[in-house]
Amino acid sequence: MPGKLKVKIVAGRHLPVMDRASDLTDAFVEVKFGNTTFKTDVYPKSLNPQWNSEWFKFEVDDEDLQDEPLQITVLDHDTYSANDAIGKVYIDIDPLLYSEAATVISGWFPIYDTIHGIRGEINVVVKVDLFNDLNRFRQSSCGVKFFCTTSIPKCYRAVVIHGFVEELVVNEDPEYQWIDRIRTPRASNEARQRLISLMSGELQRKIGLKVLEMRGNAVVGYLQCFDLEGESGLVVRAIGTVCTLDKISNTAFLPACNSPSKEMKEIPFNEDPNPNTHSSGPSTPLKNQTYSFSPSKSYSRQSSSSDTDLSLTPKTGMGSGSAGKEGGPFKALLRQQTQTALEQREGSPHRFCRRREFPFFTLTAFPPGFLVHVGGVVSARSVKLLDRIHNPAFVGIMGNTRSYKLLDWNSFNSDEPETRDAWWAEIRQEIKSHAKALGCHAVVGYSESTSICEEVCILSASGTAAVLNPRFLQDGTMEGCLEQRLSWQPGFFSIGLEETSPPGCGFCHIPYDELNMPFPAHLIYCYNCRKQKVPDVLFTTIDLPAEAMVIGKGCLIQARLCRLKKKAQAEANATSISNLLPFMEYEVHTQLMNKLKLKGMNALFGLRIQITVGENMLMGLASATGVYLTALPTPGGIQIAGKTPNDGAYEQHVSHMQKKINDTIAKNKELYEINPPEIPEEIIGSPFPEPRQRSRLLRSQSESSDEVMELDLSHGKKDAFVLEIDDTDAMEDVHSLLTDVPPPPGFYSCNTEIMPGINNWTSDIQMFTSVRVSRLSNINLTNQTLNKNFNDLCENLLKSLYFKLRSMIPCCLCHVNFTVALPEDEVIQVTVTAVAITFDKHQALQTSRVPVEKTLQRASTDNEEQLQFPLELCSDPLVSQPFSPAKEVLENASSHTGVPAAQRATSVDYSSFADRCNSWIELIKLKAQTIRRGSNKTTASLDKASPLAEGHLRHRSVPSCTNSTVSVVKMTPLSFIPGAKITKYLGIINMFFIRETTSLREEGGVSGFLHAFIAEVFAMVRAHVAALGGNAVVSYIMKQCVFMENPNKNQAQCLINVSGDAVIVVRESELEMVPVQPSTAVSQPASAGDVTT
Amino acid sequence: MTNDLDIFVGNTTLIDEEVYQLWLDGYSVSDAVSLRLRSGILEQTGATVDVLQSDTMDHYRTFHMLERLLHTPSKLIHQLHFQIPPSRQAMLIERYYAFDEAFVREVLGKKLSKGTKKDLDDVSSKTGITLKSCRRQFDNFKRVFKVVEEMRGSLVENIQQHFLLSDRLARDYAAIVFFANSRFETGKKKLQFLTFEDFAYCAEQMIQNWTLGAVDSNVDDMDVDLDKEFLQELKELKVLIADKDLLDLHKSLVCTSLRGKISVYNEMEANFKNLSRALVNMASKLIHTKDVRDFFIDLVEKFIEPCKSDKWTLNDVRLFLTQYTTSAHTLDAFRHQALWDRYMSTIKSCLLKMYHD
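Here the protein sequences line up with chains A and B, keeping their order.
Using our numbering, the first residue of the first sequence is number 1, and each one after it goes up by one.
Using our numbering, the first residue of the second sequence is number 1094, and each one after it goes up by one.
Fair warning: there could be bad hints in the mix.
As the list claims (entries may be wrong) - Quick list of in silico lysine-lysine cross-link-like pairs, PhoX-like style, CA-CA up to 25 Å: (1) B:K1225 - B:K1337; (2) B:K1211 - B:K1225; (3) B:K1441 - B:K1282; (4) B:K1281 - B:K1168; (5) A:K45 - B:K1401; (6) B:K1281 - A:K45.
As the list claims (entries may be wrong) - Partner residues aside, some chain B positions facing chain A, computed with beta carbon under 10 Å: (7) Q1137; (8) Q1172; (9) H1174.
It should be emphasised that the hints constitute simulated quantities derived from the structure, not laboratory data.
If you're wondering where the values come from, they're calculated on a predicted model, not measured in any experiment.
We treat Cβ as the ideally placed atom computed from N, Cα and C, and that holds for glycine.
One chain only, chain A, in its complex shape:
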């Protein structure tokens, strides 16, 4: 009996009138868990009942605790007839099952009815007493943490990243059971909701077991999806990345939640006086990243070299004090460094096996150094015919058994229960081999999806082939990972690798063999280091790595494509779809490439290609964020070539188009501030000091012996992309290229976590979902009209968003996520979820100024101490490289300029990053003091030390939530809340709702119906988060929005599945309220030169 669930029903409010005569309601509540049900007393004649019930106690297995939802039903008591249900609340008690998450669920929940929507609210308190179960063969996996976030969650550090985990559960869909013919829609909907809740609970538990088996304690990047396969059943599947996470209990060491990846990119721009550039000083939250991380490295050096006391502090003593806690692992790290390097060469330990099977990672952002090289996007699709899922439990009630032959290349037997598993295994195998062909041993940013129409199902998987640093993946190197986690400085990883890859461009370098390329590509020497080859363009499914060096801003790039297909049955249908797929892929790719060139950019991040199958068409929608990577060559323009050169008018037309395209490219370059330094005219007008500096360096360099390389580099410019206009189709394509309107001034958009080039986010965010359903006119559908319609639909939707959010300007739409569905013939449904974040143009200027001034003020104080410290860091070149922030910062600033290391010291303008150096040196100082005090080994001194650190870092460990009156819950698809810091993860939110109506017109038609429903879903998510004690949802995603209507019958039905991570965030402004410690204790060096020379 390993768990006791306790539930108390407190009160209700705003209940609907159930008795027309009295205009009142006699409400009571049924509380059900598993097969046990309790009831409250009837609270007569009130719309605001106060039940104040006793504690209802359920004694249950922890297995059930994981699987079952708590079901609360509010009813109206009726003496003469059956009691009427008012509505239900399902509460997932999973967050109460792990110790670090929520301890109690308490609050107001909307009472939800699948026919009437929200009908009042109920106040419930839920607690769980969990007894320790020492049974080794247990079926439960309580305690495994789940995160939707596709990066290492903010208050944790990854000790080990174990690898891929997947599982799927199948069942009969209640909607298609024979009983559905005799039960009410409400009963059917509720059966479905409950089943899916059960299935996802079970799935999560099973995944948890795998995690425990792999010796992990958490799943990051957990993605759970439903396949509503209609008659053939219901599949709930999930993938994720198993990690061993360690909670960082001392908040002083936490990174701020603000886009960590921003920071490195800013560095070159830091002292830029132009407000349009995006620099940040110590006073911006972003900088905190630097603060919190860089010192820990130096810290570890310090502790290991001089302070033996610290190393003795046991690792289990975490949470007691900052110094002791941090000291242990670091010490260990040093000792193990060589050891692990050896291990690594000896080959993988046996624990590796499982991961080896599929070396996939659902993460899209990584600790620096994790990603060594990126090969490119790998994807695999497969068309399958759905058959009834063999599930013994439901055999009894299966009515008609239509059996399909399976269209399956590997000829799997349809009777095999593990069919779906096998399908996915096959696809994953393909992905793996693709990755191998690219010379990569791993796939990152991995995701899987399906598109189902009738009995045809397209399974898709995609990811980015990559070479990872093996040290991360080994269990023995936990400290290495820990170090990674703590050090956001690039270049760290050069150690232990055969070749040193420069920080900002290493990931761009090709992992495959140049002479044995898997596909034709232009390879050029890296613009950064000039040592390695890079491709001319780079497509990836991951977020922009933190260390990547980018010029200008990014933008959302979409490729949209429709293809008509004949209506067909079964195999014929599947065959025609699989025949179409390669062409679609090719065209999507071409469109992406053209649009990327048109934007003057050379890399895509967050690429997501969705292929949707409908009755008579296929839709392809690819979204990605284009950026200009400094390491890659400047993209050539697009050149149009006519086929009939003799026709004068035609030629004129072509040249006109060419001009238009050239203009667009020029305009886009200006818009996204892409001004690579190679073009001399732009130097003058450039708002970036970085390109200026860089070009200066280039010139000086060309005087030296690097002439050849310079020539080699320029080669890229001539490489224009030729588009041949040989028929009307091609003409259309060119036209459609030009129809994409840029967002209005003040707006930017991307589908990645953060926008390169923008960092000064305000806390003004607006998450939204927008849905459009468009009916195509039936007549004469051709591919072209279809394409145009689809294109217009998407463009208009975007325009509409820009208009609606105009009050937030200047703002960026982040994580723009489009999904396309083809619910019936000639009907296209597009759903967009994104978050609009306002940024502050002016703040950047101010904050960038501050540090410079500070430097000057503090320049002379406390000189010897800070000198001695960094110098010590550099004394041992081998070890200090990974640790020394000075080196790295320098490298970062200068390496991308292509100057040989020896030249750096003289050619780099120190003042440009002096303030940057400040920040970390400040921290080193700070840490040094903390350590000194900490080493006294008395708690008192530890206490003394930490407020200094916290005060300075503007962190406060006690989360204080002000909004006590109205609990505002922020939602975002991003993994962070701008201007706020996540202090606690409360658990995963995974909710599934069905809403149905038989009075569609009365509810305002389809728009009114869906509008209300989505608002209700948001409300229920917010209520659950608030009840967990949270105030925000991060990594929110609407995974499914299936809408069906039957206007003739005045009916509609919608299914929505959403998930995210419930968190507690503390606003940075609140943190800043804490008085900042006098900064005199922390002094600055005169310049970075002191450090390096």
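We have chain A already, so just place chain B on it with the hints.
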């Protein structure tokens, strides 16, 4: 290609104040779109008409869903369905309960019944306010009326508490409720020069001095109904005009003190008895419901119009009424001093407020 469905749902409910006002003003979506077009919004934002149409529809849908909650503002504050910042909630409520001057002057003092509601199309065509808006405003009046009608305690406070209105708006509603309850006639042509503000001021004065609440703060309807006992007693004041000696004495006292101070002395002296009779007669008849209804007409016909025709200035009226009230105290034979003050202080405030063009 037509958009069957087109929605935008924000985690924080997006509210456009301009569109909200158009919605409150009862414009249809297409009218609202054309009005927005005229505001030049497209030029500012570079959007298209389709976008504007879709945006307007979206907002209208949101407002439609919010309307149910706005009927009981406390629900809007506590509901979980729409996440709206408190300041926005206050704006929504305040604007929803705001009313048009032209409309309120038409309905003020009328019974808030179905019959009146049926006549709203006349009001609409007369005022140029859309019927939809008229209905909303009427329903607001009626809703507030129904809720606070039978309630104990201060009318203004009750309204404020239940409808979360600003102090100013709650006071206006108190006046509307008070007028509707006593059914004061305000629509006659002679009263057209009076604004709602004038009436609201008078209502406030009457609530403060003439209702049950003015003497006993713990009775039902304390602020809504006039104090019947007081109205009954007002008959006693008749002595001031019935007793000829008293009337003469009163006149001479007033005249003596006003000589040289008032610009219309002669007219005042000539008219004193008429004016005094008018004021006292009104008092004595207020026990009848019909005379209560005609209260403002009487004030205008019997006092304001004669004074205006004699070109009294506002200051003259003030001097006269002040002196008229205080002089009665020195009349030894007149024993209803408290009653007189309770009556006259309100009459004086009302008359001064109403004495304008």
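> Checked against the structure, which of the hints given earlier come out wrong?
Replying inline: 1, 4, 5, 6
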